[in-house]
Amino acid sequence: MPIEEPISFDENVQYRIGKYVYRLIDPRCGETFYVGKGTGNRVFEHARGDIEPEPDALLPPKLDTIRAIKAEGLQVRHVIHRHGLNDDQAFLVEAALIDAYPKLTNAVSGHGSGDTGLMTAREIVIKYGLPELVTDPPDRLVLINIRKLDKRDDAKAIFQLVRYCWRINKARAEKADYVLAVLRGVVLGAYVADQWLPATRENFPEIEYADGSEAHRWGFRGRAAPPDVWERYVGDFGKRIVQPELRHDQYPIRYWRC
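To convert, note that position 128 of the sequence shown is 453 in the working numbering; the numbers rise steadily by one, no gaps.
There's no promise every hint is true.
As the list claims (entries may be wrong) - The calculated lysine to any residue pairs, modelled on SDA-like cross-linking and capped at a C-alpha distance of 25 Å, are:
(1) Lys500 x Tyr453
(2) Lys481 x Asp375
(3) Lys344 x Ala393
(4) Lys344 x Val404
Stated by the list, open to error - Distance windows between CB atoms, simulated:
(5) Lys473 x Gly374: 21 to 29 Å
(6) Ser538 x Asp424: 50 to 58 Å
(7) Gly409 x Asp475: 46 to 54 Å
(8) Ser538 x Glu370: 35 to 43 Å
(9) Asp479 x Ile332: 21 to 29 Å
(10) Ser333 x Gly560: 49 to 57 Å
(11) Gly560 x Ser538: 16 to 24 Å
(12) Ile578 x Ala425: 19 to 27 Å
(13) Phe562 x Ser538: 19 to 27 Å
No lab work stands behind these hints: they were computed from the structure. Using N, Cα and C, we set each Cβ at its ideal position, and we do this for glycine too.
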């Protein structure tokens with residue numbers, strides 16, 4: 326007797342599978358567009374778009390994808406990647422899958438991705454051969470994790486990526502002495518933010534992809550930090566973050582003393 330596609334897990338199944346990690350798949354193209362972890366019937370609720378809005382900026386694209394799929398009379402496909410996990414295992418599986426699927430609508434990176442996430446062998450050798458960042462920085466800092474840098478020695482690209490655009494606490498950011506650009510746990514740039522502005526085309530005409538759709542976010546106008554400050558935080562090739570409070574586990578922004 327064929328088993329119909331389930332629309333929920335009963336209590337027995339929920340108990341047996343415990344915490345799990347799942348993917349949501351667009352049936353129109355077969356691409357994974359979301360990776361998540363949960364318990365109970367979360368995967369079904371997410372696939373239907375029933376999850377309550379969360380306090381992040383990239384939730385709407387996920388819901389837009391679900392609505393578009395439904396508008397064509399189709400249903401979101403989903404798979405359970407691993408089940409019976411504890412919290413630490415679920416974080417690791419989720420983070421690895423997020424790294425493996427670059428077109429996701431997830432609002433945040435996987436747990437630990439900023440420090441121990443996807444890297445080439447060369448990047449690993451570079452990272453662990455770098456000097457350590459001071460463990461108790463004397464300045465007020467905003468550390469921003471950039472994720473899409475092609476060349477780590479491209480100073481212009483690093484500056485453009487770190488200054489635009491972020492869901493940030495403007496009041497706290499304005500108290501900071503410097504903004505640090507971080508890539509996979511390594512500080513690659515230090516800057517003075519002269520002014521934080523809404524991320525609009527009017528405020529950032531030099532940013533070609535600034536179309537106003539992210540006006541709820543912020544960017545800054547600024548400049549490179551003075552040479553002594555640059556040496557303190559960046560040095561010649563970058564400095565490795567070892568202080569747990571400064572690491573980016575999931576969210577791209579970290580504040581220090583501000």
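Okay, the hints, checked on the actual structure:
{"no.": "1", "hint": "Lys500 x Tyr453", "result": "31 Å, violated"}
{"no.": "2", "hint": "Lys481 x Asp375", "result": "42 Å, violated"}
{"no.": "3", "hint": "Lys344 x Ala393", "result": "29 Å, violated"}
{"no.": "4", "hint": "Lys344 x Val404", "result": "14 Å, holds"}
{"no.": "5", "hint": "Lys473 x Gly374: 21 to 29 Å", "result": "27 Å, holds"}
{"no.": "6", "hint": "Ser538 x Asp424: 50 to 58 Å", "result": "26 Å, violated"}
{"no.": "7", "hint": "Gly409 x Asp475: 46 to 54 Å", "result": "39 Å, violated"}
{"no.": "8", "hint": "Ser538 x Glu370: 35 to 43 Å", "result": "27 Å, violated"}
{"no.": "9", "hint": "Asp479 x Ile332: 21 to 29 Å", "result": "49 Å, violated"}
{"no.": "10", "hint": "Ser333 x Gly560: 49 to 57 Å", "result": "54 Å, holds"}
{"no.": "11", "hint": "Gly560 x Ser538: 16 to 24 Å", "result": "37 Å, violated"}
{"no.": "12", "hint": "Ile578 x Ala425: 19 to 27 Å", "result": "24 Å, holds"}
{"no.": "13", "hint": "Phe562 x Ser538: 19 to 27 Å", "result": "35 Å, violated"}
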